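Student: Following the hints, complete the assembly by docking chain B onto the known chain A.
In order, the protein sequences belong to chains A and B. Residues are numbered in our numbering as their position in the first sequence, beginning at 1, plus a constant of 1482. Residues are numbered in our numbering as their position in the second sequence, beginning at 1, plus a constant of 1482.
Hint data in this document are derived by calculation from the structure and do not stem from the laboratory. This structure is a prediction, so every number in the text was calculated from the model and none was measured. Treat the hints loosely; a few may be bogus.
Covered stretches of chain A, as calculated for chain B (at least 3 residues, CB under 8 Å) [to be verified]:
| id | region |
| --- | --- |
| 1 | 1512-1518 |
| 2 | 1590-1599 |
| 3 | 1602-1616 |
| 4 | 1628-1642 |
| 5 | 1654-1663 |
Estimated spans, in silico, between C-beta atoms of each pair [stated by the list, open to error]:
| id | chain 1 | residue 1 | chain 2 | residue 2 | range |
| --- | --- | --- | --- | --- | --- |
| 6 | B | THR1513 | A | GLY1657 | 26 to 32 Å |
| 7 | B | ASP1558 | A | GLY1627 | 43 to 49 Å |
| 8 | B | SER1524 | A | GLU1636 | 54 to 60 Å |
| 9 | A | GLY1627 | B | GLY1660 | 31 to 37 Å |
| 10 | A | GLY1660 | B | GLU1567 | 28 to 34 Å |
| 11 | A | SER1489 | B | ILE1557 | 56 to 62 Å |
| 12 | A | ILE1611 | B | ASP1558 | 57 to 63 Å |
| 13 | B | GLU1567 | A | GLY1526 | 39 to 45 Å |
Capping the alpha-carbon separation at 30 Å, the derived lysine-lysine pairs in DSSO-like fashion look like this [said to hold, decoys possible]:
| id | chain 1 | residue 1 | chain 2 | residue 2 |
| --- | --- | --- | --- | --- |
| 14 | A | LYS1516 | A | LYS1506 |
| 15 | B | LYS1506 | B | LYS1516 |
| 16 | A | LYS1535 | A | LYS1506 |
| 17 | A | LYS1523 | A | LYS1506 |
| 18 | A | LYS1535 | B | LYS1506 |
| 19 | B | LYS1535 | B | LYS1506 |
| 20 | B | LYS1525 | B | LYS1506 |
| 21 | B | LYS1516 | A | LYS1535 |
| 22 | A | LYS1506 | B | LYS1535 |
| 23 | B | LYS1506 | B | LYS1523 |
| 24 | A | LYS1535 | B | LYS1535 |
| 25 | A | LYS1516 | B | LYS1535 |
| 26 | B | LYS1516 | B | LYS1535 |
| 27 | B | LYS1525 | B | LYS1535 |
| 28 | A | LYS1535 | A | LYS1525 |
Glycine residues also receive a C-beta, built at the ideal position from the N, C-alpha and C atoms.
There are 2 protein chains.
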Amino acid sequence: MENEEQSETAHTEIMDATYQALCKYGYASVTMEKIATESGKSKGLLHYHFDSKDDLLAAFLEYLLARFEQDIESIDGTPDEQLDEFINRFVVDSGSDDRQALHLALLELRTDAPFNDRYREQLARNDKIVRETIANIIRDGIDQGVFRSDADPETIARLVLASIDGARTRELTIGDDGYAGAVRDALYDCVIDDLRAETNE
Amino acid sequence: MENEEQSETAHTEIMDATYQALCKYGYASVTMEKIATESGKSKGLLHYHFDSKDDLLAAFLEYLLARFEQDIESIDGTPDEQLDEFINRFVVDSGSDDRQALHLALLELRTDAPFNDRYREQLARNDKIVRETIANIIRDGIDQGVFRSDADPETIARLVLASIDGARTRELTIGDDGYAGAVRDALYDCVIDDLRAETNE
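Pulled out of the complex, with its shape left as it was, chain A reads as follows (with noise of 0.2 Å):
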């Protein structure tokens, strides 16, 4: 028996691994072996760790996810930076061709989320932090008398992960770089400016 330290280790190991080998074989041809071999450990191993492909596969999206919401809840500055930043690592990330590779195979998993419990239930919990996250940052910033305070801070959260995320679906479907980036200026030019602008009047 591994001790708890012993197992975390290996735990982390394996998410490692697998975010590997997603970004090397895509979501559909990603197989138990593919992963146990990425992370030096036997496919025994691997299945005393994880019952089958799918519950690895809802256990990584779970680690991900997780590591995502600290990363961007661990954003600080000023209201206003915080929300640049939040919008920029999405967009700037989105440049790199393993962060493609893995953002495609996110959205291949989501695509399978309709027919299974654990990724629907889990990409929903994200999506809510997600946008409570956004949102306290707005209202922050509305509280600090730096965004307008006629400003709701919910709608615009929603409208920003929304048009964030089919900015990446469409930069990566259709394979034009500055896809995302052109996106978030528009997001730029048509609400969050004028979440700003008002404040100096």
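Tutor: Showing chain B alone in chain A's frame:
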């Protein structure tokens, strides 16, 4: 040999059968055989029209996007009404089970676009046409004095399309029927209402 008219009828019938088969089985599981069964034609006849499943699905994507483009170009009324109709057609359409199934199959297909030149070219062309259609509606509205003269048609069109696309993907993958409607409302609150409001001054 079929004459041109027969060939065109057969093409439409095969496209209809592909639509049905994609809704029934999804993109990953659909086969030439299943599409043949759906169309009431032999697999041999299907192969007479299309060399491979890839070939057939690329033709189907072209057919579907062309139909969608005709559909949105046929929207009439004042620019105000046209914009509402465009946005609501996207959102309301996604409500029915059949449309959900098709949208999901299309999302799966889009995840293959980075590896499929024909998909990617068609999706890029469609993206451009749809954005231009929205921008033209806004441009007409500015010319007719119903939308603010300082609005940027291309920028707003970009944000409208990205946010609706992201909203539909989230509605579908999270399984929340009200998601696209909520993003539409956010789009009106943050962008569209503002496009109109200033003209009353």
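Student: Indicate, hint by hint, whether the structure satisfies it.
Tutor: Each hint tested on the structure:
1. 1512-1518: violated (count 0)
2. 1590-1599: holds (count 5)
3. 1602-1616: holds (count 4)
4. 1628-1642: Coverage by chain B holds here, the residue count being 5 at a Cβ distance below 8 Å.
5. 1654-1663: holds (count 5)
6. B:THR1513 / A:GLY1657: 26 to 32 Å: Taking Cβ atoms as reference, THR1513 (chain B) and GLY1657 (chain A) lie about 27 Å apart, which means the hint holds.
7. B:ASP1558 / A:GLY1627: 43 to 49 Å: The hinted range 43 to 49 Å holds for ASP1558 (chain B) and GLY1627 (chain A), with Cβ atoms some 46 Å apart.
8. B:SER1524 / A:GLU1636: 54 to 60 Å: 55 Å, holds
9. A:GLY1627 / B:GLY1660: 31 to 37 Å: At 33 Å between Cβs, range holds.
10. A:GLY1660 / B:GLU1567: 28 to 34 Å: Check passed, 30 Å falls within 28 to 34 Å.
11. A:SER1489 / B:ILE1557: 56 to 62 Å: This hint holds: roughly 59 Å between Cβ atoms.
12. A:ILE1611 / B:ASP1558: 57 to 63 Å: At roughly 43 Å between Cβ atoms, ASP1558 (chain B) and ILE1611 (chain A) fall outside 57 to 63 Å, so the hint is violated.
13. B:GLU1567 / A:GLY1526: 39 to 45 Å: 59 Å, violated
14. A:LYS1516 / A:LYS1506: 10 Å, holds
15. B:LYS1506 / B:LYS1516: Answer holds: LYS1506 (chain B) to LYS1516 (chain B) is near 10 Å, not above 30 Å.
16. A:LYS1535 / A:LYS1506: Cα-Cα ~16 Å, so holds.
17. A:LYS1523 / A:LYS1506: Holds. LYS1523 (chain A) to LYS1506 (chain A) sits at ~18 Å (cutoff 30 Å).
18. A:LYS1535 / B:LYS1506: Since the Cα atoms of LYS1535 (chain A) and LYS1506 (chain B) sit roughly 25 Å apart, the hinted pair holds (cutoff 30 Å).
19. B:LYS1535 / B:LYS1506: Status holds; Cα separation ~16 Å.
20. B:LYS1525 / B:LYS1506: 18 Å, holds
21. B:LYS1516 / A:LYS1535: 28 Å, holds
22. A:LYS1506 / B:LYS1535: At roughly 25 Å apart (the allowed maximum being 30 Å), LYS1535 (chain B) and LYS1506 (chain A) satisfy the hint.
23. B:LYS1506 / B:LYS1523: Since the Cα atoms of LYS1506 (chain B) and LYS1523 (chain B) sit roughly 18 Å apart, the hinted pair holds (cutoff 30 Å).
24. A:LYS1535 / B:LYS1535: Measuring from Cα to Cα gives roughly 28 Å; hence the hint holds.
25. A:LYS1516 / B:LYS1535: Holds, at about 28 Å.
26. B:LYS1516 / B:LYS1535: 11 Å, holds
27. B:LYS1525 / B:LYS1535: 11 Å, holds
28. A:LYS1535 / A:LYS1525: 11 Å, holds
Going through the hint list in order, the structure does not satisfy hints 1, 12 and 13.
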